[in-house]
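Chains as they are written, first to last, in this note's numbering: chain X, 1 to 242; chain P, 1001 to 1218.
Treat the hints with care, as some may be off.
What the hints assert, rightly or not - Here are some of the chain P residues that sit facing chain X, going by a computed Cβ distance under 8 Å:
1. L1021
2. F1025
3. S1083
4. L1161
5. L1166
6. A1208
7. V1215
Unchecked claim - Okay, the calculated beta carbon distance ranges per label pair:
8. P/P1086 with X/A142: 49 to 59 Å
9. P/R1214 with X/R231: 19 to 29 Å
10. X/T33 with P/V1043: 29 to 39 Å
11. P/P1084 with X/V22: 17 to 27 Å
12. X/I81 with P/P1086: 50 to 60 Å
13. P/L1070 with X/T51: 17 to 27 Å
14. X/T51 with P/D1183: 46 to 56 Å
Said to hold, decoys possible - Covered by chain P, according to a simulated footprint, are these stretches of chain X (three or more residues, beta-carbon under 8 Å):
15. 114–124
16. 156–167
No lab work stands behind these hints: they were computed from the structure.
By construction, the Cβ of each residue, glycine as well, lies at the ideal position given by its N, Cα and C atoms.
Each chain, written out:
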Amino acid sequence: MSIWEYANPTKFMRLTDRVLPVVTVLSVAALLTGLIWGFFFTPDDYKQGSTVKIIFLHVPAAMMAINVWVMMLVTSLVWLIRRHHVSALAAKAAAPIGVTMTLIALFTGAIWGQPMWGTYWAWDPRLTSFMILFVFYLGYIALWSAIEDQDTAADLTSVLCLVGSVFALLSRYAVNFWNQGLHQAASLSLDEGQSIADAFRTPLFVCLAGFTLLFLALVLLRTRTEIRARRISALIARERLA
Amino acid sequence: MIAMLRRDLALAFRSGGGFGLSLAFFLIVVMFVPFGVGPDSGVLARIAPGILWIGALLASLLSLDRIFQLDFEDGTLDLLAVSPLPLEGVVAMKALSHWLTTGLPLTLIAPLLGFLLNLPEGAYGWLFVSLLAGSPAFSFLGAFGAAITVGLKRGGLLLSLLVLPLYIPTLIFGSQITTLAVDGLDNATALAATVAISLFTFALVPFAAALALRVNLR
Chain X
1 MSIWEYANPT KFMRLTDRVL PVVTVLSVAA LLTGLIWGFF FTPDDYKQGS TVKIIFLHVP
61 AAMMAINVWV MMLVTSLVWL IRRHHVSALA AKAAAPIGVT MTLIALFTGA IWGQPMWGTY
121 WAWDPRLTSF MILFVFYLGY IALWSAIEDQ DTAADLTSVL CLVGSVFALL SRYAVNFWNQ
181 GLHQAASLSL DEGQSIADAF RTPLFVCLAG FTLLFLALVL LRTRTEIRAR RISALIARER
241 LA
Chain P
1001 MIAMLRRDLA LAFRSGGGFG LSLAFFLIVV MFVPFGVGPD SGVLARIAPG ILWIGALLAS
1061 LLSLDRIFQL DFEDGTLDLL AVSPLPLEGV VAMKALSHWL TTGLPLTLIA PLLGFLLNLP
1121 EGAYGWLFVS LLAGSPAFSF LGAFGAAITV GLKRGGLLLS LLVLPLYIPT LIFGSQITTL
1181 AVDGLDNATA LAATVAISLF TFALVPFAAA LALRVNLR
C-alpha cells in the first residue's frame, strides 16, 4: 500500500469518488464557520476598525496562491520523474485555481490598502511579488492551452514550472532588494515573535483550513474532469481507427 | 562546437534581417520615449537607465524565435540531435551566437543612445558594464523559451509571455547597477547579482532547453 497506487487513474477515480463529497462538505463547513466567526464575532481592531476583517479572505487566499504553485512544482516533478499521468493532470487542474487565488489576494489587498495606506496599489515588494506570480501562472496556463498533444504539453509545462519556480523565487529576493515596502511582516508565525491577537487567530486558522479544503475539493474535481476528458478523446480516437 | 558557432554567426550576418533590425528597433524605442513623456531633459535623465535597459531587453526579445525555428523547419535540428555533439552544447552555442549578434551590439550602442536621453555624466560606463553583465542572461533564457515554443505554429506571442517573467530579476538588478551609481551609492551587490544570474543561466539553462527540444523533436 503506497501513495503511488493512486497513480492508476481507475484507482484514483474510485478513491476520489468517495473522498470528494467528504472534502466538499468539510470545506463548506470550515469556510462558513471561519468567515461568519471572523466577520461577526471578532472585535474591531483598535486602529484599523472593521476593515481588518478582510484578513479572513486575504491571508488564506495569499497562502493558497503560493502553496498551489508549490503543489504544481511537486506534481510536475513527479510527472517528469515517474511519468504518472494523474500527476500531470493534477498540475494542469491546479493552475487556474492558483491564478484565482492570486487575484483574490491582490484584489482584497487593494480594497484593504485603500483605507489603511491611502492607496489601492503601491510598488511594495510583497505586492509586486504577487503580480509577478500572477504573470508566471498566466504563462503556464497559456502554454498548456497552446499545445495540442497532451503528453508534450505535460512535459513542456513541467519544465517551465521548474525553471519558473527558480526565477519566481529569485524575483522575490530581487524585488526585496529593489524597494522597501509598506506591507507588514507575516501575520502568522510559529515562533510567536510578532503575531496577531488570539481573538483573530482561531477564526483565521479555521479560514485557512477552509481554503485548503476548498482547494483540495476543487483540484480533485478538476482532475477527475481532466481524466474523463482524456478518456473521451481516447475513445473518439479509437472509434476513428475502427 | 566552434564550427557550429561560426555557422550560426555566418548565417546571422549574411542572411540579413535579424542582425540590424534589433538595433533599429532599439533606436526607435529610445526615440519614442521623449515623444511619450516630453522632452524635459531632467525627466529624461532620471528615467534614462531604465528605458535603455527595457529597450535593450525588448530588442533582444525580437529575434529569439529565430534561434531554433529555421533549423527546426528544415530538419537541421533533427540532425544535430543525433550528432555526437550533445544537444546541451548545441543550445549553448546557439544562445551564445544570439548574444554575439544581438546582446553585444545592443550593449555597444546603448551608451550612444544614452546621449539622446541625456544620461547623466559617469553613468555611461556603468550602463555599458551592466548590459554586458546582464544581456547574456536574456539570450540564454530566451533560448529556453524558444526551445519550448519551437514546435508551435504561432509561438511568437506565447514566447514573450513565457520569457518576459523570467527576465524580471535580471532587469531589476541590472538597471539598479546604473541607477545606484548615478545616485552615488554602492552598486557592488547589484553588479554581483547580475553577473551571478548570467553565469547561472549559462550553466543550467542549456539543460532545461535541451530537455524541451528533445520533447519537441519526439
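> Which hint numbers does the structure go against, in order from smallest to largest?
Replying inline: Result: hints 1, 2, 3, 8, 10, 11, 12, 13, 14 and 15 break, sorted rising.
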